[in-house]
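J.: Sequence:
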Amino acid sequence: MPAGACDCHVHVVGDPVRYPMAADRHYTPGRASVSDLKQHMSSLGISRAVIVQPSVYGTDNACMLDGLRDLDGAGRGVAVLDDSADDAQLRDFHSLGVRGLRLNLESVGSRDTQRMRDDLQAWARRVAPLDWHLQVYASLDVIAEVVPILQTLPVPVVLDHFAGVPAGAALTDSRVQAVLRLVASGAAYVKLSAPYRIDPSGTAGEAVAGLAAAFIGANPDRMLWASDWPHTNREPGKSPLEVSAYRHIGSPRLAQEINAWLSDEAVRARVLVENPARLYGF
1 MPAGACDCHV
11 HVVGDPVRYP
21 MAADRHYTPG
31 RASVSDLKQH
41 MSSLGISRAV
51 IVQPSVYGTD
61 NACMLDGLRD
71 LDGAGRGVAV
81 LDDSADDAQL
91 RDFHSLGVRG
101 LRLNLESVGS
111 RDTQRMRDDL
121 QAWARRVAPL
131 DWHLQVYASL
141 DVIAEVVPIL
151 QTLPVPVVLD
161 HFAGVPAGAA
171 LTDSRVQAVL
181 RLVASGAAYV
191 KLSAPYRIDP
201 SGTAGEAVAG
211 LAAAFIGANP
221 DRMLWASDWP
231 HTNREPGKSP
241 LEVSAYRHIG
251 SPRLAQEINA
261 WLSDEAVRAR
271 VLVENPARLY
281 GF
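So the sequence shown is numbered by the working numbering: it starts at 1 and just counts up by one.
Careful, some of the hints might be misleading.
Computed list of lysine to any residue pairs in SDA-like fashion (alpha-carbon distance at most 25 Å, straight line) [unchecked claim]:
1. K238 / N275
2. K238 / A23
3. K38 / R197
4. K38 / P16
5. K38 / S84
6. K238 / D15
7. K238 / D70
8. K38 / A74
9. K238 / P220
10. K38 / Y246
11. K38 / R253
12. K238 / K38
13. K238 / G58
14. K38 / A23
15. K238 / V17
16. K238 / A74
17. K38 / N275
By construction, these hints were calculated from the structure, which means they are not laboratory data.
None of the values given here were measured: they were computed from a predicted structure.
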């Protein structure tokens with residue numbers, strides 16, 4: 001692993017007494033401490049990580065922020081906020097290492113394009129003075145719909161987990177082409193991460209590798225890699241308030257994915273080191 005390699009999407013889950021989860025959460029994960037995260041990083045030879053606020057905490061970013069304190073400069077954060085957050089709070093978060101805001105476009109009305117446009121533009125204006133980015137969680141359909149908006153924002157956009165492109169989608173699909181053009185323009189980054197999110201059966205490894213190659217070919221300077229550790233999951237048959245076990249995905253499998261997707265050493269250095277350092281300000 002090159003020196004300064006970064007895992008660009010991990011979560012930290014703390015003691016539920018100290019860090020209570022949102023009552024309306026869709027699943028309940030077990031604990032995944034910063035100590036556990038450091039072991040994960042060490043096992044891969046990674047020295048930096050980006051802690052992303054998980055949905056189970058809503059807009060209470062306390063656990064994520066404490067995780068950044070514990071990483072002591074080796075971490076950056078992506079927060080989830082609502083309209084009540086003022087500029088002073090944004091500055092405080094920045095001082096602790098937050099460099100992005102995560103937006104869930106799946107929850108914005110019933111595909112209300114105007115509302116999505118308004119939310120994206122409003123938050124982009126808010127975070128631009130801090131040189132933050134907007135991290136977008138959405139399906140391929142939604143991302144393709146808002147590409148014209150994303151193209152014009154004054155801040156970088158980061159698209160989670162292969163931009164939501166299903167492993168079985170054809171690269172000639174108009175939605176996929178729209179995302180590839182967005183990436184080629186430099187307006188958006190894509191996280192090469194969590195293939196199980198786009199290939200639930202785990203049987204389309206070649207298609208996932210082909211998708212990674214297509215994104216890298218579009219613009220290697222806009223690629224990021226992430227593990228999605230600790231691999232959150234809602235187990236079938238369990239209620240949202242029952243603890244669901246994490247997916248069992250070990251370091252050897254993650255290393256295998258890195259080798260498959262980033263076989264070229266120069267590209268690997270860009271994706272694992274240079275691009276994260278630029279985007280997150282390491």
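J.: Please name the hints from earlier in the document that this structure breaks, with their numbers sorted from lowest to highest.
T.: 1, 5, 7, 9, 12, 14, 16
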